[in-house]
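Chemist: Taking numbering that gives the first Met the number 0, the leading residue of the sequence shown gets 0, the next gets one more, and so forth.
Because the hints were derived from the structure by calculation, they are not lab data.
Just so you know, these numbers come straight off a predicted model, no measurement behind them.
For glycine and all other residues, C-beta sits at the position ideal for the given N, C-alpha and C.
Among these hints, one or two may not hold up.
As the list claims (entries may be wrong) - Label pairs and their calculated CB-CB ranges:
no., residue 1, residue 2, range
1, Ile103, Pro58, 17 to 27 angstroms
2, Asp89, Leu21, 31 to 41 angstroms
3, Asp88, Asn29, 18 to 28 angstroms
As the list claims (entries may be wrong) - Below, simulated DSSO-like cross-link-like pairs (lysine-lysine); rule was C-alpha separation at most 30 angstroms, straight line:
no., residue 1, residue 2
4, Lys93, Lys47
5, Lys93, Lys56
6, Lys92, Lys117
7, Lys2, Lys114
8, Lys56, Lys95
9, Lys92, Lys47
10, Lys114, Lys56
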Amino acid sequence: MSKDKTILLADDDSDFLEATQLMLMDEGYNVIPAVDGEDAVEKYRQIKPDIVFLDIKMPGIDGFETFFRIIKSDSDARVVFTSSYAINDDKFKKAKSMSLRDLINKPIEFEQLEKMIKKHAK
């Protein structure tokens, strides 16, 4: 798989966002950062990335609502949730039924991200 994929990375933790963005860019990926859910939805509509890594816990609209808005605008969106918390509630089950691709628990290692990119990116 070519590494010329565009990745939308949404997280409100600026340290995580910057470190993960640099790690992915060093491997040749085009990374678009988003600092919250609203930013992620807007950038998704503009860019149509190959895959989205989306933090669940963010201020404003959370990762679930962000996911639902993205899927409403593009039912083929490739979204992987990232979280520091165990998730298995009704919203998560609904997201899985609506084509959520996967969940990665933080802390995240590059190998996990690359595996998800290879498995789920367009």
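Chemist: All hints are to be evaluated individually against the structure, with a verdict given for each.
Modeler: Hints and how they fare:
For Ile103 and Pro58, the hinted distance range of 17 to 27 angstroms is satisfied, since their beta carbons lie about 21 angstroms from each other. For Asp89 paired with Leu21, a C-beta distance near 36 angstroms keeps the hint of 31 to 41 angstroms intact. A hinted range of 18 to 28 angstroms is violated for the C-beta pair Asp88 and Asn29, which are about 33 angstroms apart. Note on Lys93 and Lys47: the hinted pairing holds, with a Cα-Cα distance of about 23 angstroms set against a maximum of 30 angstroms.
A C-alpha spacing of about 17 angstroms is found between Lys93 and Lys56, which places the hinted pair at or below 30 angstroms, so the restraint holds. At roughly 24 angstroms between alpha-carbon atoms, Lys92 and Lys117 fall within 30 angstroms of each other, so this suggested pair holds. Simply put, Lys2 and Lys114 have alpha-carbon atoms about 12 angstroms apart, close enough for the 30 angstroms limit, and the pair holds. As the CA atoms of Lys56 and Lys95 are separated by approximately 17 angstroms, the hinted pair is consistent with the 30 angstroms bound.
The hinted pair formed by Lys92 and Lys47 meets the criterion: a straight-line CA distance of about 24 angstroms does not exceed 30 angstroms. For the hint linking Lys114 to Lys56, the alpha-carbon distance of about 23 angstroms falls within 30 angstroms, and the restraint holds.
Hint compliance for this structure: hint 3 alone is broken.
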